[in-house]
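Q: Okay, here's what each chain looks like letter by letter:
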Amino acid sequence: MSPHRRRMNKAFKWCCRITTYGAIGVLALLLFHIAYEGMSWISWDFITNFPSRKAEKAGIYTALVGSVYVMVITTLFVVPFGIGTAIYLEEYASQKSLFIRFVKLNIANLAGMPSIIYGLLGLTLFVRIMGLDRSILAGSLTLGLLVLPVIIIASQEAIRAVPQMVREAGFAMGARRYQVVIWQVLPAAIPGIMTGIILAISRAVGETAPLIVIGALSYVAFLPEDMFDMFTVLPVQIYNWAGRPQPEFHSLAAAGIIVLLAFLFTLNSIAVLIREKFQRYKL
Amino acid sequence: MTPLSKALDQGFKYLLLALVLITLIVTVSVIVLLTKESSGFFSQVPLGEFLFGKEWTPLLEPKSFGVLPLVNGTFMIVFGAIGMALPAGLFVATYLNEYATDRTRSYIKPALEVLAGIPTVVYGFFALTFVTPILKTMFPEIQIFNAASGAIVVAIMVLPMIASLVDDGFRSVPRALREGAYGLGANSVEVITQVVIPAAGTRITAAVVLAISRAIGETMAVTLAAGATPKITANPLESIQTMTAYIVQVTSGDVQAGGIEYQTVYVVGALLFVITFMMNVIGNIVLSKPVMEAR
Chain A
1 MSPHRRRMNK AFKWCCRITT YGAIGVLALL LFHIAYEGMS WISWDFITNF PSRKAEKAGI
61 YTALVGSVYV MVITTLFVVP FGIGTAIYLE EYASQKSLFI RFVKLNIANL AGMPSIIYGL
121 LGLTLFVRIM GLDRSILAGS LTLGLLVLPV IIIASQEAIR AVPQMVREAG FAMGARRYQV
181 VIWQVLPAAI PGIMTGIILA ISRAVGETAP LIVIGALSYV AFLPEDMFDM FTVLPVQIYN
241 WAGRPQPEFH SLAAAGIIVL LAFLFTLNSI AVLIREKFQR YKL
Chain B
1 MTPLSKALDQ GFKYLLLALV LITLIVTVSV IVLLTKESSG FFSQVPLGEF LFGKEWTPLL
61 EPKSFGVLPL VNGTFMIVFG AIGMALPAGL FVATYLNEYA TDRTRSYIKP ALEVLAGIPT
121 VVYGFFALTF VTPILKTMFP EIQIFNAASG AIVVAIMVLP MIASLVDDGF RSVPRALREG
181 AYGLGANSVE VITQVVIPAA GTRITAAVVL AISRAIGETM AVTLAAGATP KITANPLESI
241 QTMTAYIVQV TSGDVQAGGI EYQTVYVVGA LLFVITFMMN VIGNIVLSKP VMEAR
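Protein sequences, first through last, are from chains A and B.
First residue of the first sequence: 1, per my numbering; consecutive thereafter.
First residue of the second sequence: 1, per my numbering; consecutive thereafter.
Quick caveat, the hints were computed from the structure, so don't treat them as lab data.
Keep in mind that a hint or two might mislead.
Keeping only pairs whose Cα atoms sit at most 30 angstroms apart, straight-line, the calculated DSS-like set for lysine-lysine is [to be verified]:
(1) B:K136 to A:K96
(2) B:K54 to B:K289
(3) B:K231 to B:K136
(4) B:K13 to B:K36
(5) B:K231 to B:K109
(6) A:K104 to B:K231
(7) B:K63 to A:K96
(8) A:K10 to B:K109
(9) B:K231 to B:K36
(10) A:K104 to B:K54
(11) B:K63 to A:K104
(12) B:K13 to A:K104
(13) A:K277 to B:K109
(14) B:K136 to A:K104
(15) A:K96 to B:K13
(16) B:K109 to A:K13
(17) B:K36 to B:K54
(18) B:K63 to B:K231
All values derive from a computational prediction rather than experimental measurement.
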């Protein structure tokens with residue numbers, strides 16, 4: 001090898017290595033910056049106080065409660081639809097059918113549709129036409145539509161990972177397809193499906209834009225009592241604080257981000273735990 | 001077999017089929033509502049004026065409805081972000097595929113997933129409070145809200161997606177191709193740039209198309225960092241406004257429903273939808289094709 005070629009080869013390898021570790025360095029930098037800005041504002045008062053116009057009194061309680069509400073209601077709505085669709089596509093549909101290929105392409109497109117368009121859909125359909133106003137229910141339904149394709153795709157993968165012999169054993173015992181699906185395939189796929197659902201829901205918890213569009217940006221100084229009440233969520237509250245010019249509100253935003261990331265980290269850890277402990281079949 | 005169990009089997013199947021239709025209904029309702037609200041707008045503003053007008057001031061007098069400034073803002077972010085994220089993504093994918101040990105790979109992949117999982121509002125905060133101040137030390141004339149910091153964080157955001165799609169593409173290149181090139185005396189940089197990248201070319205194209213679509217639809221980071229000043233400029237140090245940021249600005253304000261200001265939100269949304277929809281269709285069709293047929 002000529003020295004030139006050898007040098008090129010080495011330089012290229014180092015470029016690849018530096019870029020990769022650089023990307024991870026950026027992640028570390030981001031986390032460090034947020035911890036540095038916000039850590040001193042984290043206190044029990046910050047968690048349990050209502051929002052306030054004064055930075056030193058402001059807390060994140062309503063947003064935290066709002067996020068939990070939205071998370072739970074979104075999950076309840078979207079899970080049956082997501083799993084049901086995935087079962088049909090994997091267990092019933094003919095993979096050659098043009099209609100099914102169209103449905104699959106449509107789901108992939110929905111997964112890539114900008115979240116703000118889901119916001120416009122929610123604003124028109126849920127807030128105005130169905131008259132739900134700027135309620136938790138409207139927000140949860142909007143986020144439900146947003147994560148539906150993600151949950152379908154994750155559930156499909158989990159169902160596909162169940163070996164064919166599990167189904168064949170069921171059929172050999174004389175079970176019908178619905179019995180095989182409900183008693184054999186689903187129990188085997190559930191850990192994988194749950195992991196996918198938790199990851200999708202944690203995406204919903206971090207979403208801001210669609211909720212701002214449907215009107216969750218208001219100053220909410222009370223706890224929601226039912227799902228028709230007004231609400232705010234963590235990312236929207238963070239956006240609200242980050243958009244103000246005063247530096248103390250930026251620190252509040254950083255503190256809010258720490259709470260949000262801790263929340264998401266917990267969700268993700270649960271997902272990983274389920275995957276490691278209970279998943280029998282991996283793709 | 002009893003008739004009951006047969007009926008249950010059929011019933012279950014059609015129940016599931018009904019659920020499948022919901023995903024189609026979502027797409028149809030988006031198209032219907034965007035078309036309906038846009039048609040109200042276009043009865044007052046000609047299509048040509050909207051698409052080619054160079055002034056966007058729907059909230060101020062005199063009103064003007066040329067969307068080009070918003071398109072300009074969006075594509076400044078997109079080109080900046082992809083310009084940084086594509087080479088970086090290729091390097092990362094190459095490192096993961098050709099150089100990293102399995103052990104290193106098992107650390108780097110989850111770290112990239114964390115990067116992809118961080119909410120976009122966090123990136124917006126990072127851009128505003130970290131990236132912009134650093135840029136200011138280099139370019140003192142930079143504005144507080146500027147396209148550059150928005151493009152930088154959007155690049156960070158789409159990097160994991162590009163790296164992972166390109167990585168998948170590299171993995172599906174048959175081993176024999178690489179071995180053949182090594183056997184002819186090529187070294188690793190030559191194999192990668194002259195064999196692996198061309199062989200995975202369609203996948204890389206798909207990754208870029210999907211990443212562009214993602215960057216166009218990105219909202220919170222650019223709303224927080226890039227500003228709310230729609231204008232046609234090529235200077236990344238100035239404040240701009242993207243299509244998505246405009247939608248946030250209007251819907252978070254007190255604009256009355258039904259007026260033309262309100263309809264502009266749907267028109268901009270429709271434009272956004274058309275662009276991202278086309279890119280997603282192209283990207284997903286390319287992705288669904290195998291890289292190389294086994295012979």
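Q: Look at each hint and say if it fits the structure.
A: Going through the hints against the structure:
1. At most 30 angstroms may separate the alpha-carbon atoms for a hinted pair to count; K136 (chain B) and K96 (chain A) exceed this at roughly 57 angstroms.
2. A threshold of 30 angstroms between alpha carbons decides the hint, and for K54 (chain B) with K289 (chain B) the separation of about 40 angstroms lies outside it, so the pair is violated.
3. The suggested pairing of K231 (chain B) with K136 (chain B) holds, with an alpha-carbon distance near 21 angstroms, which does not exceed 30 angstroms.
4. As the CA atoms of K13 (chain B) and K36 (chain B) are separated by approximately 35 angstroms, the hinted pair breaks the 30 angstroms bound.
5. Proximity of K231 (chain B) to K109 (chain B) is assessed by CA-CA distance (about 39 angstroms); at most 30 angstroms being required, the pair is judged violated.
6. A hinted pair counts as satisfied when its Cα atoms are at most 30 angstroms apart, and K104 (chain A) with K231 (chain B) does not qualify at roughly 39 angstroms.
7. Proposed proximity of K63 (chain B) and K96 (chain A) is contradicted: the alpha carbons are some 52 angstroms apart, above 30 angstroms.
8. Taking the CA atoms of K10 (chain A) and K109 (chain B), the gap is about 23 angstroms. The hint holds against a cut of 30 angstroms.
9. Between K231 (chain B) and K36 (chain B), the direct Cα distance comes to roughly 28 angstroms. Compliance with the 30 angstroms bound is thereby established for this hinted pair.
10. Restraint check for K104 (chain A) and K54 (chain B): not satisfied, since their Cα atoms lie roughly 39 angstroms apart, outside the 30 angstroms limit.
11. With a CA separation close to 43 angstroms, the supplied pair K63 (chain B) and K104 (chain A) exceeds the 30 angstroms bound.
12. Simply put, K13 (chain B) and K104 (chain A) have alpha-carbon atoms about 18 angstroms apart, close enough for the 30 angstroms limit, and the pair holds.
13. Of the supplied pair hints, the one linking K277 (chain A) and K109 (chain B) holds, its CA atoms being roughly 21 angstroms apart against a limit of 30 angstroms.
14. Restraint check for K136 (chain B) and K104 (chain A): the C-alpha separation of about 46 angstroms exceeds 30 angstroms, so the hint is violated.
15. For the suggested pair K96 (chain A) and K13 (chain B), the alpha carbons sit about 18 angstroms apart, so the restraint of at most 30 angstroms is met.
16. Between the alpha carbons of K109 (chain B) and K13 (chain A) the distance comes to roughly 18 angstroms, so the proposed pair stays at or under 30 angstroms and holds.
17. Between K36 (chain B) and K54 (chain B) the CA atoms are separated by roughly 25 angstroms; this keeps the pair inside 30 angstroms, and the hint holds.
18. Only pairs whose Cα atoms come within 30 angstroms are accepted, and K63 (chain B) paired with K231 (chain B) is accepted, the gap being roughly 15 angstroms.
In this structure, the earlier hints numbered 1, 2, 4, 5, 6, 7, 10, 11 and 14 are contradicted, and the remaining ones agree with it.
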